[in-house]
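Trainee: Here is how the chains run, residue by residue.
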Amino acid sequence: MGVSNVLEEIVDPVERVHRTLEKIEETRELNAFVTVDAEGALRKAEEIKERIKRGDKLGKLAGLLVAVKDNISTRGVRTTCSSKMLENYVPVYDATVMERIKAEDAIIMGKTNMDEFAMGSSTETSYFGPTRNFFDHSRVAGGSSGGSAVAVACGAVDISLGSDTGGSIRNPASFNSIVGLKPTYGRVSRYGLVAYASSLDQIGPMARDTLSTALLLQVISGRDFRDSTTVNTPVPNYVEETLRKINGFKIGVIKEGFENVDKRVSRKVYDALNILEKAGCLIEEVSMPFMKYALPAYYIIAMAECSSNLARFDGIRYGGKSVKGKWEEQLIRIRTECFGEEVKRRIFLGTFVLSAGYKEDFYIKACRVRRKIYDEFKLLFKSYNALATPTMPVLPWKIGELPSPLDMYMMDIETVAVNLAGLPAISVPAGFVDSLPVGLQLMGNHFDEATLLRISHAYEKETGFAKWF
Amino acid sequence: MSRKTAISREEMLHYARLCRISLGEHEIDRLLKDVNEILEYFETIRSLQLDVEPMTYVTSVSETLREDEPAETLSEEDVFKNAGEKQEKWFVSGQVWG
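Those sequence lines, one after another, are chains A and B. Per my numbering: the first sequence = residues 10 to 478. Per my numbering: the second sequence = residues 173 to 270.
No wet-lab data here; the hints were simulated from the structure. Each residue gets a CB set at the ideal place from its N, CA and C atoms; glycine is no exception. Treat the hints with care, as some may be off.
So these bits of chain B aren't anywhere near chain A, every CB distance computed over 10 Å [what the hints assert, rightly or not]:
id : residue
1  : Glu197
2  : Thr231
3  : Lys261
4  : Gln267
Straight-line C-alpha distance at most 30 Å; calculated DSS-like pairs for lysine-lysine [claimed, not checked]:
id : chain 1 : residue 1 : chain 2 : residue 2
5  : A       : Lys335    : B       : Lys258
6  : A       : Lys93     : B       : Lys253
7  : B       : Lys205    : A       : Lys111
8  : A       : Lys264    : A       : Lys391
Just chain A, same shape as in the assembly (with noise of 0.2 Å):
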């Protein structure tokens, strides 16, 4: 559902919200949800169908039905990190998105199922099992915030957060034919989002439809005294600004994002990009030398800023394991046991790049490549309003199909670049192989979502996306 049909949806969001707990428990095999929050929910409902009768102002998202990755801090509601470590973690405290979205009187349904910590590209590392594809039950959802894309995509919710390190709001949205947007790091509050890699974490809205997803990212964004790393710059009012025309807008389409990628998928994204161009834009080709260079350079950050985050994770103030006999032997015993494989070879691999002797020739090379990347993205943001590549550069695979964990990180290659660059990205869906979904990403420069909105909507108005359910 879009924004425009909100008001004539809303008459009974009591009755909504039924139907949708019905439509969670008929799509429960799709494991998109790891707790349904369906007492919250029903509560906030009461009050918003309370308030219509009373002709009471009501927020922006007033109706809307919201799911949340489970990373994300909800007061008095379980938030696992999909991990045994937060099995049974109850936040005292809500995040700023949080606190933001319900100002606005969204319907929050419940938590999504993710990558352990935020850690992985399919949902398969979650404590609690994988999301399946909406498309195709037995393949992946894409991932971090698979949970999240499935949740939308099955029509359980309007909208959801994700969140997005170095790729997880987008691939999951490619994966499900949805709309997934990684605001520019600064824009949304970190506030309450369980870190995994601080400099490259963003949270971000994800919908079926442009205009959704553009309200969503109004309400979450701006500064937050309790996040340093937001900025000030203005909010504009997405919603307006994605209606606006795309004529003669100019997109760089970035030539190292089309080696190594399934031939299929690279004919779906020239296809769209043919169609922007029908609708207006001058696309050009355009090189990024050092976007090969991305993903190792992701993937040692990364790890490197995990190996230290999640080094809270002591069972003592959170958590809740018992804790008795040796400090640390206890230690050693809740970390072994309660952090899943993948969790636990990302702490390892950042321990090492930053320890002596190594630390300059990885981590420091690699915060080097950053400001390459940094470099090269800003020099071309000069000459291009956009930049695209494909999201992913594979259909979505079957689950438990991948062999190593290396083959799992080289599904991010089209993705970290902008984290590392703090850019702003947007996955956009681009059509079907073999009844398999194709996302278009589009690259903005800093703090210009707006942009990447617009063309999302134009695109959408060509090809009826939303409606590919």
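Knowing the structure of chain A, use the given hints to seat chain B on it.
Mentor: For chain B alone, kept in the frame of chain A given last:
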């Protein structure tokens, strides 16, 4: 001189210890194989000669610091809500010394 990084079984156990994670016998070989495969991939940037300053963050925090004013903090009940064990106003941890 070959600068290729590969870690040995002994080094791996050392790093695991730094991470406060123990590895079962069956895990060691698999992790060693995966880690060395990944490190080999990381080699692609190791030999690059780059004359730029390292970038650790894309934004500066200098403009966004707030005033240092007293504000509400969590209640005692909330602070201990997710604790493994507590005694009065203390978190219980394992024995640290001795």
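Trainee: Hint by hint, note whether the structure agrees.
Mentor: A quick look at each hint next to the structure:
{"no.": "1", "hint": "Glu197", "in the structure": "holds (13 Å)"}
{"no.": "2", "hint": "Thr231", "in the structure": "violated (5 Å)"}
{"no.": "3", "hint": "Lys261", "in the structure": "holds (14 Å)"}
{"no.": "4", "hint": "Gln267", "in the structure": "violated (5 Å)"}
{"no.": "5", "hint": "A:Lys335 x B:Lys258", "in the structure": "holds (17 Å)"}
{"no.": "6", "hint": "A:Lys93 x B:Lys253", "in the structure": "holds (18 Å)"}
{"no.": "7", "hint": "B:Lys205 x A:Lys111", "in the structure": "violated (47 Å)"}
{"no.": "8", "hint": "A:Lys264 x A:Lys391", "in the structure": "holds (18 Å)"}
The structure shown violates the earlier hints numbered 2, 4, 7.
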